[in-house]
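Visitor: So the chains spell out like this:
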Amino acid sequence: MDREQVCSLREIMEVDFVIKETALYLNTHPTDERALRLHNTYSQKLKELESIYQAKYGPLTNHEMSQFPWAYINEPWPWEFDFSLC
Amino acid sequence: MWIYEKKLQYPVRVDTCNPTLAAMIIEQFGGPDGELSAGIRYLTQRWTMPTNEGKATLTDIGTEELAHWEIIGTIVWKLVKDAPKEAIQGTPFETHYVNHGKSPFPHSAAGEAWTAAYIQSKADPIADLHEDMAAEEKARATYEYLIRVSDDPGVNETLGFLRQREIVHFQRFGETLQIVQEEINRKKYY
Ligand SMILES: [Fe+2]
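Residue numbers (the working numbering), protein chains in the order written: chain A, 1 to 86; chain B, 87 to 276.
Treat the hints with care, as some may be off.
Said to hold, decoys possible - Quick look at which bits of chain A chain B covers, simulated, 3 or more residues with Cβ under 8 angstroms:
#1 23 to 30
#2 45 to 53
#3 67 to 79
Unchecked claim - From the derived model, a few chain A residues whose C-beta atoms are all more than 10 angstroms from chain B:
#4 Met1
#5 Asp2
#6 Glu33
#7 Arg34
#8 His39
#9 Thr41
#10 Asn62
Quick caveat, the hints were computed from the structure, so don't treat them as lab data.
For every residue, glycine included, the Cβ atom is placed at its ideal position computed from N, Cα and C.
Please construct the entire structure, taking both the sequences and the accompanying hints into account.
Guide: Written out as structure tokens, the structure reads:
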């Protein structure tokens, strides 16, 4: 397993967790401007990280564009990652 | 509408091969207070939730629970995938193995198949949100029991994360309940 891939997915997972958490908070505090700014900042950051990752390792969702051949099916699938590498 | 994201919500690490622990962790895959019950419960309650805050909270927490269900399945899989049959024989995982092999399956640690009788949807937001808050606390308690019986450091890290999420969800459902109650009071008096 490619250690670099594990590390970059892990970074995406961290940023993704931040926005899942700000989103949940905003659902019951929709007028909290500071939380919304935080959410928007990390949402932008996630997009950037995802586009770098996907160009290298293939789509994270089946909505994304792919190089030939269709790379969405490539391993490792999430439950196959060895996170002890990173 | 849902779309699959090809990543886990938490980087699951498992340090041991431990079929007995897998048989206990499966409680959260298909037990009464497990992640499947949580996900199906919240997603089912959405249609009759009156406030927008409540609709969003049920949608997003329900979705997150399905990601937790995937994490639990991954722990179970990683605990058994390299186990030779000798490591399974005589353990509590053996009764699971003779039916499902090494596949996770939604039943409790005691082997009862998952049932919709574990959840409720009453078309009554006060009743539903109280059920949801209780469900989060019951799941937290289960995670504490599981952490107590597990001696796998990687598994315990992930279980600790999931336990924390139950606390956050309890908080959000509490806020949702308060918003619904304010809405009901506003309608009554003005
Ligand atoms: Fe939860």
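Visitor: Next, verify each hint and record whether it holds.
Guide: Comparing the hints with the structure gives:
| no. | hint | result |
| --- | --- | --- |
| 1 | 23 to 30 | holds (count 7) |
| 2 | 45 to 53 | violated (count 0) |
| 3 | 67 to 79 | holds (count 4) |
| 4 | Met1 | holds, 13 angstroms |
| 5 | Asp2 | holds, 15 angstroms |
| 6 | Glu33 | holds, 17 angstroms |
| 7 | Arg34 | holds, 17 angstroms |
| 8 | His39 | holds, 13 angstroms |
| 9 | Thr41 | holds, 19 angstroms |
| 10 | Asn62 | violated, 7 angstroms |
Of the hints listed earlier, those the structure fails to meet are numbers 2 and 10, in rising order.
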